[in-house]
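Trainee: Sequence:
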Amino acid sequence: MIPEGTAEIEATVRAVLIDVLGIAPERAAGFRAETPLFGALPELDSMAVAGVLTELEDRLGIMIEDDEVDGAMLETFGALVMFAGGKALQ
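Counting the sequence shown from 1 gives a position; this note's numbering is that position plus 3.
Some hints here could point you the wrong way.
Claimed, not checked - For each label pair, taking beta carbons as the anchor points, the in silico distance ranges come out as:
# : residue 1 : residue 2 : range
1 : Ala43     : Gly64     : 27 to 33 Å
2 : Glu37     : Leu92     : 17 to 23 Å
3 : Ala36     : Glu71     : 18 to 24 Å
What the hints contain is simulated information worked out from the structure, not anything from laboratory work.
For glycine and all other residues, C-beta sits at the position ideal for the given N, C-alpha and C.
Working from the sequences, and respecting the hints, build out all of it.
Mentor: Structure representation (structure tokens):
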């Protein structure tokens, strides 16, 4: 069962990636759960990661602690959505 609010979280993550990384909305619309992010998107470097996380905190009203940030949460689009949803929907 998909938790209520998941679609909104996914839309927010897409919007953040579009805004922070400066990618085309059409490109982000094609992202699926298995779409690789960190290491696959040249726009998503270590500096951009900080911007993405800060923007997610602002838009979702969440707090992301430094010890929660790891490569697994940024490995794929689905992993980032699940992480953000886990924080926002708890």
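Trainee: Now look at each hint and say whether the structure bears it out.
Mentor: Checked hints:
no.: 1; hint: Ala43 to Gly64: 27 to 33 Å; verdict: 29 Å, holds
no.: 2; hint: Glu37 to Leu92: 17 to 23 Å; verdict: 21 Å, holds
no.: 3; hint: Ala36 to Glu71: 18 to 24 Å; verdict: 20 Å, holds
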